[in-house]
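**Student:** One-letter residues, chain by chain:
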Amino acid sequence: MSYAYLFKYIIIGDTGVGKSCLLLQFTDKRFQPVHDLTIGVEFGARMITIDGKQIKLQIWDTAGQEAFRSITRSYYRGAAGALLVYDITRRETFNHLTTWLEDARQHSNSNMVIMLIGNKSDLDSRREVKKEEGEAFAREHGLVFMETSARTAANVEEAFINTAKEIYEKIQEGVFDINNEANGIKIGQQHSPTNPSLPGSGGAAGAANSGCC
Amino acid sequence: MEFLKSGIKTVLGGTEPGQQPSAAETVEKLVDRVYSSTLLEDRRDACRALKALSRKYRIEVGAQGMPPLVQVLQNDGQDAEIIGYALDTLCNIVTSEEFDEEADNPTVSVNVGEQFTEMFIKTPENVTLVMGYLDEYDFRVRRAAIQLITSLIANKTRELQDLVLVSPMGVSKLMDLLTDSREVIRNDVLLLLIELTKGNSNIQKIVAFENAFDRLFDIVREEGCSDGGIVVEDCLILLLNLLKNNSSNQQFFKEGSYIQKLAPMFVLGQDVEEAGWSPQKVSNFHCLLQVVRALVTPSNQQQVVTACQRVMQKSQLLHALCEILMSSGVPADILTETINAVAEVIRGERDNQDELSRVMAPSNPPRPAIVVLLMSMINEKQLLALRCAVLYCFECFLYRNSEGQRAVVQTLLPSSASDVSSLSTGQLLCTGLFSADALANWFSAVALMHSLVENVALKEELLRVLLATPGGHRPITLLEQCTNLMQQERYRLQSKVGLLMLLSLWLAHCPGAVKALLETQGTMAYLTAQLCSNEHDEREFLVQGMCAFLMGLCIQFNDNSLPQQRREDISQLIIKRIGQETFCNKLAEVSRHEAYSRACKQAQIRAKSAGELLLDYEYCKLYKGLEALIAKLVSGFDVDGIELTELTLSSEASALVSQYKGIIRGMDGQIQALQQTTKELEQENTDLKEKLSEEQSLRAQISDQNTLLKAQLGATNGQASNHTPNDQTVSPAQPPLPAAAVPAASEEDLNAARYQANMYFAENIRLTKELETLRQQLVTEKQRSDATEAALKATQKDQEDLLELLADQEAKLTRHEDNILLRGEEETQTKSSGSSECPSSGGDAAIELSASR
Chain P
1 MSYAYLFKYI
11 IIGDTGVGKS
21 CLLLQFTDKR
31 FQPVHDLTIG
41 VEFGARMITI
51 DGKQIKLQIW
61 DTAGQEAFRS
71 ITRSYYRGAA
81 GALLVYDITR
91 RETFNHLTTW
101 LEDARQHSNS
111 NMVIMLIGNK
121 SDLDSRREVK
131 KEEGEAFARE
141 HGLVFMETSA
151 RTAANVEEAF
161 INTAKEIYEK
171 IQEGVFDINN
181 EANGIKIGQQ
191 HSPTNPSLPG
201 SGGAAGAANS
211 GCC
Chain D
1 MEFLKSGIKT
11 VLGGTEPGQQ
21 PSAAETVEKL
31 VDRVYSSTLL
41 EDRRDACRAL
51 KALSRKYRIE
61 VGAQGMPPLV
71 QVLQNDGQDA
81 EIIGYALDTL
91 CNIVTSEEFD
101 EEADNPTVSV
111 NVGEQFTEMF
121 IKTPENVTLV
131 MGYLDEYDFR
141 VRRAAIQLIT
151 SLIANKTREL
161 QDLVLVSPMG
171 VSKLMDLLTD
181 SREVIRNDVL
191 LLLIELTKGN
201 SNIQKIVAFE
211 NAFDRLFDIV
221 REEGCSDGGI
231 VVEDCLILLL
241 NLLKNNSSNQ
251 QFFKEGSYIQ
261 KLAPMFVLGQ
271 DVEEAGWSPQ
281 KVSNFHCLLQ
291 VVRALVTPSN
301 QQQVVTACQR
311 VMQKSQLLHA
321 LCEILMSSGV
331 PADILTETIN
341 AVAEVIRGER
351 DNQDELSRVM
361 APSNPPRPAI
371 VVLLMSMINE
381 KQLLALRCAV
391 LYCFECFLYR
401 NSEGQRAVVQ
411 TLLPSSASDV
421 SSLSTGQLLC
431 TGLFSADALA
441 NWFSAVALMH
451 SLVENVALKE
461 ELLRVLLATP
471 GGHRPITLLE
481 QCTNLMQQER
491 YRLQSKVGLL
501 MLLSLWLAHC
511 PGAVKALLET
521 QGTMAYLTAQ
531 LCSNEHDERE
541 FLVQGMCAFL
551 MGLCIQFNDN
561 SLPQQRREDI
571 SQLIIKRIGQ
581 ETFCNKLAEV
591 SRHEAYSRAC
601 KQAQIRAKSA
611 GELLLDYEYC
621 KLYKGLEALI
631 AKLVSGFDVD
641 GIELTELTLS
651 SEASALVSQY
661 KGIIRGMDGQ
671 IQALQQTTKE
681 LEQENTDLKE
691 KLSEEQSLRA
701 QISDQNTLLK
711 AQLGATNGQA
721 SNHTPNDQTV
731 SPAQPPLPAA
741 AVPAASEEDL
751 NAARYQANMY
761 FAENIRLTKE
771 LETLRQQLVT
781 EKQRSDATEA
791 ALKATQKDQE
801 DLLELLADQE
811 AKLTRHEDNI
821 LLRGEEETQT
831 KSSGSSECPS
841 SGGDAAIELS
851 ASR
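These protein sequences, in sequence, are chains P and D.
With UniProt numbering applied, the first sequence covers 1 to 213.
With UniProt numbering applied, the second sequence covers 1 to 853.
Hint data in this document are derived by calculation from the structure and do not stem from the laboratory.
Hints should not be assumed to be uniformly reliable.
Covered, in the sense of this in silico footprint (three residues per stretch, anywhere, with C-beta under 8 Å from a C-beta of chain P), are these stretches of chain D [said to hold, decoys possible]:
hint, region
1, 168-180
2, 243-251
3, 746-752
Note that the Cβ used here is the ideal one computed from N, Cα and C, for glycine as well.
Using the sequences and the accompanying hints, generate a full structural model.
**Tutor:** In structure tokens, the structure reads:
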């Protein structure tokens, strides 16, 4: 499958906030009610369309447990986008956001787009964190905010796609150095090399693949 | 210090002149200098000397040198040269490699490097320190650091992996080195990463996340793909490490379209056939094939396997592999591995299986590739590994491929025998089955067995296969021939095991085959004899166990259609001739045999020697599923006959039982539903009865009212008729007459209705269902009573009219009386000619008259 761009995402946040469920809902369109602890990191992928362009999302879903923190830190640097997830029914997962954000900012490249996600919006009766609080936190730290439900799939697509839109806009503005793959962005073979925003050398290397051997 | 020391030595006599100082002493001296010299040059020289000594006197340098070397690393970071020496020395100490220089040193044990590694990493900061020097761009430092870390990982993999994981951005830093423009560095990093990624899926994932697949493909392409040197092999080994048993990375590899990048590497150019295969190319190609297999091996997650298989077909990778199969000059081990790879790429995936079945070999006449492969399998002269690979490939071709299975069996059936000219798969398998080569027998039996797996219809079909016998005797069935062969003394153990597996799988779940086997001559006697025999050879045990299993299947899947060979008969045979205990012990022999655990491990057939080939994966699966059942079945018998517990039932019987269970369950449901309906009906019934009594009371009220009205009417009528005679003279044509006729008619109607109602009421008691009719009747009755009421009202009105009339009449009467009185007075006045004389007497008369009224 050819694509114009490939973005690498990571999903971070406390254990049990529904990171794996968000990914499963996004890639497989299904919900898994049983909490299956993620060991280390799991991979998922899906193609989306933005501005008429095919964009491949490669998503690394990380373990929320403290024990895996040193492992998951290795993923910040190479990601173009991060979904920082908390659970609206558990106040402490919201309280830990600052730590997560510091960690992410410290280890990631400065242009990484971070989307704040308040998950489990279907459990409104058990809500402990108001939507306004999430919005305020996001405003304060310059994040995009959204409440989602991996169970009902509400806003799940939007969360992933809006993050991609944000990255895409940054590319258009020339903020991202797209030739540095360490930024978590790759240019596909589909992309026209005449695009003025491209220096045109390294990124198009993929196009020459076929002639090996 | 040095001066002092030498001074002391001279004073004490120390070393005699002419005698060389021992290695330990030299090292001690050098270590001392590293510690205490204030001049960097001195320390550097000492380090250089230590490095030189470390190859020959590893123990001495290692035992004393480690702390000062670490100190150098901590303090002399700005001097690349001394750091380079220190790292090199440490590397020499901890490496597991044995140096030529120390070959004659008896004190160097095999794992000395490992012991020094352990000492070094006891302080985790040491590792962090060395990792830090990876950032140093200087060639000497960076390379030495890489080599030291590589040696450390090689010796203490687990510990080092953990240390690298917790060191901040450790893995990412190492991955960055892969882009170092200096090839030597890049190649050394490859070796480091190979060690680092061994068996640690977390590190494997991070390495993959850091674009390892792209980097590796770039390097492989730069180095000339499979024609490249050892660096290509290193890249492929690393790739293999990243993919093996790591489903997340496998998925990433597939999603990242790397299979498509892999595919062109399998296309053999024209030049290969001319230039031949260099040893390096063989190694590279071997690794490439391993990478393919790592993605689709049966032990992987099924969904990953299927997804990868599909991409491999679409990207022409499978096509390229098939091309290699059919091209000439391919080295045997590459060919073998290619067959294994094709096997796993097609396993259970129909499109891929079909693609293989369409491949034609460039022979004359052209034959299907599968036929050519099978020819190699039954060819005694072929390599064992190749023959095993072909069998594996054939098994994978038949796996979940009922069409493929059918095609094989079809070639054996009489109808298709017309096409004698071309060799068919079935014919080849029969040839192999009856050849003199025991291995060919085994391979063919297993191959044929796989064409029956999970396909009862084909088991029945295969029963129809007839074989021509030499000498023009009557043709015999394939099954009969198999049992005959099994009983022959000269038939070797491996062949017997093969046949027993084929027969077992054939009989399982197929009563027709059980019947056919029981009808053959001497088979049961042979099996009984095997089970009774007292051979104490481990291999004999296996055959006995398999015979027990076969016999068990004859009971389990027996449909009792042979009068002398029913389930009870065979069980009696076991009880009386073999004994239940013995039978079960022998049955258990199969799973106790080492061949069993070996075969259970994986679907692929692996054998170092031909003798190892005994049991097959599918047979073990069947055995595992049925062993407990048969053991329970046999031990459940009693002397008088079969004890029918549910477990001892044959599959038909248990199917029947479960069928009946289903029926009973259905009936139970029905009964409950019916009970529910009954309850509802009863409820309805009570409701209706209640309604009925209500209606009845209503009706009684109405009829009471009716009676009342009638009584009233009667009274009114009486009044009316009382005064009518008085009126006769005045108004004989007045309306009271019709008023009296209306109540009479309604009374008649009412009586009829009452009768009818009574009748319906009686009926209702008998048949509550006809209540509706009654209710309707009641309604009509009500209507009627309404009508009656209306009539009554009319009558009342009439009555009132009559009363009025009566009053009128009375008034008239008074007037008349007055008139009469008046006339009487006039008459008296005319008689007495003076009317005013006696008015009082006239008045008295009037009073009298009125009183008489």
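**Student:** Now, for every hint given, state plainly whether the structure supports it.
**Tutor:** The hints, checked one at a time:
Look at the region 168-180 of chain D against chain P: 5 of its residues bring a Cβ nearer than 8 Å to a Cβ of that chain, three or more, so the hint holds. Coverage of a stretch by a chain is defined here by at least three residues with a beta carbon nearer than 8 Å to that chain's beta carbons; for the region 243-251 of chain D and chain P the count is 3, and the condition holds. Counting residues of the region 746-752 of chain D whose CB falls under 8 Å from any CB of chain P gives 0; the rule of at least 3 is not met.
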